[in-house]
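Put together the whole structure using the sequences plus the hints.
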Amino acid sequence: MLDAEIVIVGGGPAGISTALFFAHAAPRLAERIVVLERATYPREKICAGAIGARADRLLASIGVRVFVPSVPIHGLSVDASGRRLAARAEGPPIGRVVRRFEFDHAFAREAMARGIRVRDGVKVTGLVIGEHDARIESSIGEIRARAVIGADGVGSVVRRALGLPRGAFMAQAVEVDTPEARGDGPRDVLHFDMAARGLPGYAWDFPTLVHGRPMVCRGIYELRAEGVPERAATEPAPAERLLARANDQGVAVPASSLRRFAERGLSLHEPFAQPRVLLVGEAAGIDPALGEGIAQAIQYGSVAGPFLARALEAGDLSFASFPSVLRESRLGLDLRLRARAARFVYGGARPVIERWVTRSHALARAGMDYFAGERVDRRALGRSALDLGGALFGWALDQARFTWAPRSGPSP
Numbered sequence: 001m002l003d004a005e006i007v008i009v010g011g012g013p014a015g016i017s018t019a020l021f022f023a024h025a026a027p028r029l030a031e032r033i034v035v036l037e038r039a040t041y042p043r044e045k046i047c048a049g050a051i052g053a054r055a056d057r058l059l060a061s062i063g064v065r066v067f068v069p070s071v072p073i074h075g076l077s078v079d080a081s082g083r084r085l086a087a088r089a090e091g092p093p094i095g096r097v098v099r100r101f102e103f104d105h106a107f108a109r110e111a112m113a114r115g116i117r118v119r120d121g122v123k124v125t126g127l128v129i130g131e132h133d134a135r136i137e138s139s140i141g142e143i144r145a146r147a148v149i150g151a152d153g154v155g156s157v158v159r160r161a162l163g164l165p166r167g168a169f170m171a172q173a174v175e176v177d178t179p180e181a182r183g184d185g186p187r188d189v190l191h192f193d194m195a196a197r198g199l200p201g202y203a204w205d206f207p208t209l210v211h212g213r214p215m216v217c218r219g220i221y222e223l224r225a226e227g228v229p230e231r232a233a234t235e236p237a238p239a240e241r242l243l244a245r246a247n248d249q250g251v252a253v254p255a256s257s258l259r260r261f262a263e264r265g266l267s268l269h270e271p272f273a274q275p276r277v278l279l280v281g282e283a284a285g286i287d288p289a290l291g292e293g294i295a296q297a298i299q300y301g302s303v304a305g306p307f308l309a310r311a312l313e314a315g316d317l318s319f320a321s322f323p324s325v326l327r328e329s330r331l332g333l334d335l336r337l338r339a340r341a342a343r344f345v346y347g348g349a350r351p352v353i354e355r356w357v358t359r360s361h362a363l364a365r366a367g368m369d370y371f372a373g374e375r376v377d378r379r380a381l382g383r384s385a386l387d388l389g390g391a392l393f394g395w396a397l398d399q400a401r402f403t404w405a406p407r408s409g410p411s412p
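If you're matching positions, the sequence shown starts at 1 in the UniProt record's numbering and goes up one per residue.
FYI, nobody ran anything at the bench for these hints, they're computed from the structure. In this text, a Cβ means the ideal position worked out from N, Cα and C, and glycines have one as well.
If you anchor each label on the Cβ, the simulated ranges turn out as follows:
#1 Arg65 to Ile140: 27 to 33 Å
#2 Gly91 to Asn247: 35 to 41 Å
#3 Gly130 to Ala252: 52 to 58 Å
#4 Ile46 to Pro229: 25 to 31 Å
Below you can see the structure in the form of structure tokens.
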């Protein structure tokens, strides 16, 4: 029987970062952590691959750097309501786009270099939580640990074993890598397209590198949540929409090349901690508004790792305080704001939101600063709030003009 202090189920960014931050906080226990990854590295992971520089800053704070081929990002652009806003940041990149096939493998090697046991090709089939330990049933036999961390994504075995519901926010996404098209923007910009009103989500075009060749990852994100209008039956499904959009962009995409995946957004009122068990990353839930996952997964690790070290030192494995610790962290604030925003962005307030995001350079500036991990200027926040008021006023004025527009034809 393999024994460990902590068993982390899932060897993606959430699981590996939790192990690294735990080992940094309790280096004498580094060899007592076991990370179990179902697939064998290097393994494919469907993901657009954008990482905010705040994640790399967090990793650098514990001496970790993940060197893989990357596309540096210096700006963003948004299309909506027939307008486009493009913004660029001065100075270093605000983030980068990576291939998860390469990034996750390199990240796992960083953990192994620090004495953390990472076992790939191990399938977890069951979990039993007892009064004194946790027992993990796996393809290499039973593993006993003091605590288990579920970092195994949207289909989390750990989450299911706890009997937890699937969550309030679920999303479907579909993506494809294509050559560059004539209408694509600069290769250091993340592009978001909210022009399709019938889609409770958005389209994206992110620059990427595939085997060293400049390509573009194009995709569709569709959110499903209470309070968010569902896609009408007459509207195309995400895969059909992506094929049509690529065709309009002048890119021929065979349907067989599309990659589909699901995502889970976090609601902080939902359970994600029980005695001897924590959920992190997408097993718990990520940003439901945009589906940003990699940076938030690493942020989860930066919160959960030190928390676990303190809990083991104190001998308190109830994990009762973890929800409040997460809520009070920067990640918790971010997730709370994004969960609330999702219903506005894709609900009845969408026309106002579209006016705001395509007119407010201050909002774009604040968003880029946050994405990069820079201090967000309060003046930019204040200006973006004023811009929101202006967007609301402009929308209301347009509605009034439409309502009171004179009708043509004979008088009654």
